[in-house]
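The letter at position 348 of the sequence shown is residue 647 when you use the numbering used here, and the numbering goes up by one with no holes.
Just so you know, not all the hints are guaranteed correct.
As the list claims (entries may be wrong) - Lysine-lysine pairs mimicking DSBU-like chemistry, simulated, CA-CA at most 30 Å apart:
hint, residue 1, residue 2
1, K578, K559
2, K577, K602
3, K578, K602
4, K559, K602
5, K559, K577
Claimed, not checked - Here are the simulated distance ranges between beta carbons:
hint, residue 1, residue 2, range
6, V335, I474, 16 to 26 Å
7, A544, V335, 11 to 21 Å
8, L553, S357, 51 to 61 Å
9, E563, A461, 51 to 61 Å
10, P562, L462, 23 to 33 Å
11, S598, V517, 20 to 30 Å
The hints are simulated quantities; they were obtained by calculation from the structure and are not laboratory data.
If you're wondering where the values come from, they're calculated on a predicted model, not measured in any experiment.
Heads up, the beta-carbon is just placed ideally off N, CA and C, and yes, glycines get one too.
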Amino acid sequence: MLWIAASHAQPAWAHAARLVIRAPEKRCGKSRLLDVVEALCWNPLVTVNASPAAVYRSITADPPTMLVDEADTIFGPKADGNEDLRGLLNAGHQRGRPAIRYDAAANRVEQIPTFAMAALAGIGAMPDTIEDRAVVIRMRRRAAGETVAPYRHRRDRPALRALARELTAWLRAHIKTLEQAAPAMPVEDRAADTWEPLVAVADLAGGPWPARARAAVVALVDEATEKSETSDRIRLLLDIHAAFADLDAIPTALLLQRLKADPEAPWVDYGHNGLTPKKLGDLLREYDIGSQNIRFPESGQAKGYLRADFIDAWQRYCPALARPAGGTDCHDTSAAPTTVESAGVIRPSRPKRPRAGQARDGSNPWDGSIRPTADPGTDQSVPPDQSVPGLTCDGTLGTDGTAHPRLRVIGGDK
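Based on the provided sequences and hints, a complete structural model is requested.
So this is what it looks like as structure tokens:
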């Protein structure tokens, strides 16, 4: 009801919340609920069989309330030819996002307003770009024994339209107050933008409405968060957190083995050959996480990942992660190992080729040669005429004249 009331004060809002009415199957009452919304909302504009041009031209400074039934035909896999309407519904959530069109007859560029509240009913989930900006109502089919009073258009709509006129008179008299409203919100960011008009109306109404509105905000936002689909990258961060267990470094091969061991995870069938080291690296690159050569106490040198490199990404994108068994909490950055040596493994001493145009120290351009660097184990620099020994292979005794470095393991030297 708060969404319906907010539609009568659209000139006061900076964001036009969407109302998504979704159901898993037919005959769940979504179209009937949309009928009630149509009877109660401000200036309803039903888009069935309406051309995109007509819909665009109907949006003014005091926009109508757009009503879209069977919205899955616009956003679903079989949708075709509805790009303009999809663009309108995506852009119209925020004021000041006009559609730009060129009028060939007038030889000029036009800015067409898109800002308008919209209610969409359909089967299944709407795109994330819609539901992330929406109040989502989930409908279910009535079970045996459940009854509701029937809705009759000719009998019931006139009374609902009379109530709509009362809402208009009340809210339009307080437009200035609503424009300046800055209600305390129990949520943040985009959820706060979406729900703010509804909470502002509840505060204006007073009585039990402010508390009820904020309780509904928390409940519905939490429900949407729990039931929202997780992106592949976020799912990967969560699964990698579990795969690390109590390890502070893990070989890439072992990490992939553990990721693919979960039969409900997508990694076995991720692409033609499943999740590969390259695909893993591509997914993690956006978080500035990469593999590196690591010498493990048990298996020797191998490509792998450090737990410390994931701390920032876990903290930012997976805040609900629990403390891993035997390890440190992903939020406790002070307790997390920050170097390879503190993680119980040692980086090999081979110089790493910097990016093109950048030297190891970041100051001079790369000239294709390996520059002498300080030996991390001593204070003595490597003479310019002395070659840097290569890495030893697993199971060998080491490069001639160079023994394996002693490994440092958490819990004491061994």
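Exercise. Quick one, are K559 and K577 close enough, alpha carbons at most 30 Å?
Worked result: holds (15 Å)
For this session: Mind checking the alpha carbons of K559 and K602 for me, to see if they're no more than 30 Å apart?
Result: Distance of about 18 Å is within 30 Å: holds.
Problem set entry | Proposed proximity, K602 with K577 (alpha carbon, max 30 Å) | Holds. K577 to K602 sits at ~12 Å (cutoff 30 Å).
For this session: Quickly compare the C-alpha distance for K578 and K602 to 30 Å and report which way the hint goes.
Result: holds (15 Å)
For this session: State, for the Cβ atoms of P562 and L462, whether the hinted interval 23 to 33 Å holds or is violated.
Result: Once the Cβ atoms are compared, 53 Å apart, the range 23 to 33 Å for L462 and P562 is violated.
Exercise. Quick one: are L553 and S357 within 51 to 61 Å, going by C-beta?
Worked result: Holds - the Cβ-Cβ distance for L553 and S357, about 59 Å, lies within 51 to 61 Å.
Exercise. Between K578 and K559, does the CA-CA distance stay at or below 30 Å?
Worked result: Judged against 30 Å, a Cα distance of about 13 Å means the pair holds.
Exercise. Do A544 and V335 keep their Cβ atoms within the hinted range of 11 to 21 Å?
Worked result: violated (52 Å)
Problem set entry | Distance restraint evaluation - E563, A461, Cβ atoms, bounds 51 to 61 Å | Given range 51 to 61 Å: holds, Cβ gap about 53 Å.
Exercise. Within 20 to 30 Å or not, the Cβ separation of S598 and V517?
Worked result: violated (48 Å)
Problem set entry | Range hint 16 to 26 Å (beta carbons of V335 and I474) holds or violated | holds (25 Å)
The earlier numbered hints that this structure contradicts are 7, 10, 11.
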